[in-house]
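Order-wise, the sequence lines are chains H and W.
Just so you know, we're using my numbering here: the first sequence kicks off at 2 and counts up by one.
Just so you know, we're using my numbering here: the second sequence kicks off at 2 and counts up by one.
Hints are computed from structural coordinates only; laboratory data are not their basis.
There could be a bad hint or two in this list.
One copy or two, either will do: identical chains are not told apart, so a pair holds if it fits within one copy or between any two.
List time: in silico DSSO-like cross-link candidates among lysine-lysine, alpha-carbon distance up to 27 angstroms [to be verified]: (1) K220 x K37; (2) K37 x K219; (3) K75 x K306; (4) K263 x K61; (5) K61 x K390; (6) K376 x K61; (7) K135 x K376; (8) K376 x K172; (9) K390 x K250; (10) K172 x K263; (11) K61 x K392; (12) K135 x K306; (13) K390 x K376; (14) K306 x K61; (15) K95 x K390; (16) K390 x K78; (17) K172 x K37; (18) K37 x K306; (19) K390 x K135; (20) K172 x K306; (21) K390 x K115.
Number of protein chains: 2
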Amino acid sequence: MAGKDLPVSPLAVPMPAMPPIAGVRLGVAAAGIRYKGRNDLTFMEFAPGTTVAGVFTRNKCPGAPVDWCRTALKSGKARGLVVNAGNANVFTGKPGREAVQATADAAAALLGCKPKEVFLASTGVIGETLPHAKLTAALPALHGQLSEDGWDGAARGIMTTDTFPKGCVRKALIGETEVTIAGIAKGSGMVAPDMATMLCFIATDAKIPAAALQAMLKKGTDASFNRTTVDSDTSTSDTVLVFATGQVKHPRVPAEGGAILKDFARALNELLLDLALQVVRDGEGAQKLVRIDVTGATTARSAQKIAMAIANSPLVKTAIAGEDANWGRIVMAVGKAGEPADRDLLSVGVGGTWMAREGGVVPGYDEAPVVAHMKGREIEIAVDIGLGKGKATAWTCDLTHGYIDINGSYRS
Amino acid sequence: MAGKDLPVSPLAVPMPAMPPIAGVRLGVAAAGIRYKGRNDLTFMEFAPGTTVAGVFTRNKCPGAPVDWCRTALKSGKARGLVVNAGNANVFTGKPGREAVQATADAAAALLGCKPKEVFLASTGVIGETLPHAKLTAALPALHGQLSEDGWDGAARGIMTTDTFPKGCVRKALIGETEVTIAGIAKGSGMVAPDMATMLCFIATDAKIPAAALQAMLKKGTDASFNRTTVDSDTSTSDTVLVFATGQVKHPRVPAEGGAILKDFARALNELLLDLALQVVRDGEGAQKLVRIDVTGATTARSAQKIAMAIANSPLVKTAIAGEDANWGRIVMAVGKAGEPADRDLLSVGVGGTWMAREGGVVPGYDEAPVVAHMKGREIEIAVDIGLGKGKATAWTCDLTHGYIDINGSYRS
C-alpha cells in the first residue's frame, strides 16, 4: 500500500480489530491524487452534535489544511473529515487556500452542514498545487458508500510510506456507562519531496463538551506524541483530531470536564501513547524502539528536556543502531540539554544495569546483560540526574542506513 | 595518522606552510596513550608575558581539562599547553581531576612556571581514567626537543579520526607593524566510544592584553565555530585557546583593545572561520560543504537561529546527500526554528536560482543549473524571510551513510 516498496518495519505491531463507533460513518476511495491503484482519499461523516478538539504542528510554516482546521476548531463542532494522501498542500500559496475551500464546500454540500464543520488534512508532496477537482469528483460516490465498518480501510488510506497501518481501541467508563475510543494514525513515511508527517484521527461515542475534550487532548499529546521523536524535524502538517459523537447515553459531562472524565482521560492517554509509539516503531529506517527514562532532575520539565535531548542526539541514535551501549554519548546529550546537571552526580543505566554512577564508570559492572539487551528490538535507557525529583520519559528509534536510504534518495 | 583507516575527506584542503611564531616553541611525541606508532602528545611553551583567551563547550557535563582551563584562564597568563589525543578525560571523577593536576604540575616544573599557567586539552575515549603517568613520563624528553618549527607536527598530533590536518596563517597590521597569527584545529573525528570534539589552538606574536584578546575571540567564535555544525551534538571537550606572546614591537594596545586592533580582529576572524570550515569539511562522512545564507529575518539573531535550524535538519542534510534541491524541507526547517516567518513571503534559492518565491514554487524555473549545482562539492542555499533586514550565514555538511558507518560501528 505504501508509495515505495519498503520492507515492513521489524518493530511493526498488528492492526487491531476496529469496532464501529456510533455516529461515525467512514470510507475510502482511489482519487488518483498521486498514487496509482490504491486508496488515497478518506472521508468521515459525524452525527449532528459531534464535538471536536485538535492539536497541530508548531511549525511556523504550516500547510493550508492546518490553517483551515485551526479556524474551524473555534466552533468546537464537526460533521466531516476529508483526508488525502499523496499531496500535502503545503507552500502552495493562494491555490492551496482555494483547494481547501473547494474541498470543504463540496463535503459540506454532501453532509448538509457548514464548510467550517468539515475538517481537512493532507499528506504527501510539498509545493505542488493539490488537484482538488479529483477530490471533489470522488466525494459524492464515496459519500454514498460510507459505513460504520470503515476504520481498517481508513488506517490504510491515510498511509504514505508507512510500512504498516496503525490503529488502537480503548474502552472507558463515564459514570457506569462504557464508551469506546478508536483511533488511527500515520507516521513518518515520506513521499519525495515531502517530510515526515504525523496524522492521527480519533473518535468516541461519548458526549463531551469541546472545551473539556480540548483540555484532555492537549494534556494527552504532551505526554505521548510530544515525547516521541524520529529525527527532530517538525512537519508542516502534523495534526491530531478527536471527535466525540455523543451517541452513547451517560451522565452529563460538564463543560469544564472534571472528575467524571478521569477514566476517559486515562483511556485517551493510553490510546495516544499507543499510536505515538506505533509511529516511532515505523520511523524511517528504525530497527530498534528506544525508551529513555530520566529521573532526579530538578523539575519534570527539566527531565523532559533532557530526555528529548538524548532522544534527538544523532550520536546516541547511531550508537544504538550499532548495538553499542555508549553511555559517554548519553552523558554528552544530558550536558547538551542545557538543563541543571552535575557531571559528578550523574548515573546512566541500560536495560536495568547501571554502567555509570555518580560521575564515573561502575568498576567491574557486568557487561553481559548490557550486550544482550542492546541486541534486542526494545532498548531501555535510564538516566538519573541526582539533583531532584523531576522525571520524564521519551521514546525514539535508532538512526540507521535505512534513514539515509529513504531520505537521501535521488528525486526522479 | 588517524585512529581508524578512514579515506581522506573529498572536501579536504591542503595544510598550509606554518611559519614560526616568535615566543612559541612546540613539539610532539608518542606517549602511547591509546594509539600505537603515532604522535599523540603535543607540548607548547610560550615566552614569559604571554597572554591567553579561551572559549569552551557549553555542554553542562564538560571534561576535567575544560574545568581546569576555565579556572586557569582567570589570570590571563600562559606559559604552556599540553594536549593529548586518545583519551578525553571526561566523566572520570576524582582520578580525572588528579590527572589534570599531575599533568599541569609536571609541565610547570619543566617550564618554571605556576601549574595554573599551563593549559590542558584532551580528546579521545570517554570514561576511562587518563594514564597521566605516560604523559608526565614523556614530557621531559619532549621539552628538550621543542622548536619554533613544530606547527605541522602539532596539527597532526592532535588529530583523532580527522582525515586531514588543519592549519591556517594570517598576517595583520597593528599600527604599521606586521604581526602573524597561526592556528591549528582538530575536528569531528571520533574514537569509539567518544564523540565529535573540536579543539583549536592559536598563537600570535602580537602583544595584546588578555581582556582585549578574550573579547575578540568571543566575537570571532560566535561568527565562525558557532555558525557551523556537523550533527547538532555538543562535545564535552570543545576548546578554543589563543595565546599572544608579545614578541613583536608594535604600538601599545590598551587593555580594552579598540580601533588599533581592527585589522588584527579581521585577520583573527578570517582564521577562525577558515579553521571552522576545515572542521566541517572533515565532518564525519561529509561529501558536500553547505553554506546557508538567510536574509530578510526580523533580526540578525533570528536569522542565525533560522540558519542553524536549516543546518541541523537531518531531512535537509540527507536531501543534500542525495543531490536533491528539496526546498520543501528547507521551508519545513525555517518553520521549525520557531522564529518569525510568514510562509507566503518566503523565498528559497539554490546555487543562485530562486526555486520558490513568496510562498510558492517559481513557475517554470530553470532546473538545469540547480541540478548541476547540487552535483558539486560546495552547495549554496539562500533563504529570504521577507520580513526585515536581519541576516546570517551558517555552514554544515551533508548527512551520509559515512556518518552512520563511523558512528554506528560496533564497539570492540
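Tested hints:
no., hint, result
1, K220 x K37, "neither (39 angstroms within a copy, 56 angstroms between copies)"
2, K37 x K219, "neither (37 angstroms within a copy, 57 angstroms between copies)"
3, K75 x K306, "neither (31 angstroms within a copy, 32 angstroms between copies)"
4, K263 x K61, "neither (34 angstroms within a copy, 40 angstroms between copies)"
5, K61 x K390, "between (34 angstroms within a copy, 19 angstroms between copies)"
6, K376 x K61, "neither (39 angstroms within a copy, 30 angstroms between copies)"
7, K135 x K376, "neither (48 angstroms within a copy, 36 angstroms between copies)"
8, K376 x K172, "neither (35 angstroms within a copy, 54 angstroms between copies)"
9, K390 x K250, "neither (42 angstroms within a copy, 59 angstroms between copies)"
10, K172 x K263, "within (13 angstroms within a copy, 71 angstroms between copies)"
11, K61 x K392, "between (29 angstroms within a copy, 19 angstroms between copies)"
12, K135 x K306, "neither (44 angstroms within a copy, 40 angstroms between copies)"
13, K390 x K376, "neither (31 angstroms within a copy, 52 angstroms between copies)"
14, K306 x K61, "both (21 angstroms within a copy, 13 angstroms between copies)"
15, K95 x K390, "between (50 angstroms within a copy, 26 angstroms between copies)"
16, K390 x K78, "neither (41 angstroms within a copy, 42 angstroms between copies)"
17, K172 x K37, "neither (37 angstroms within a copy, 64 angstroms between copies)"
18, K37 x K306, "neither (43 angstroms within a copy, 41 angstroms between copies)"
19, K390 x K135, "neither (55 angstroms within a copy, 42 angstroms between copies)"
20, K172 x K306, "neither (32 angstroms within a copy, 45 angstroms between copies)"
21, K390 x K115, "neither (50 angstroms within a copy, 43 angstroms between copies)"
The structure does not agree with the numbered hints 1, 2, 3, 4, 6, 7, 8, 9, 12, 13, 16, 17, 18, 19, 20, 21 stated previously, though it agrees with the rest.
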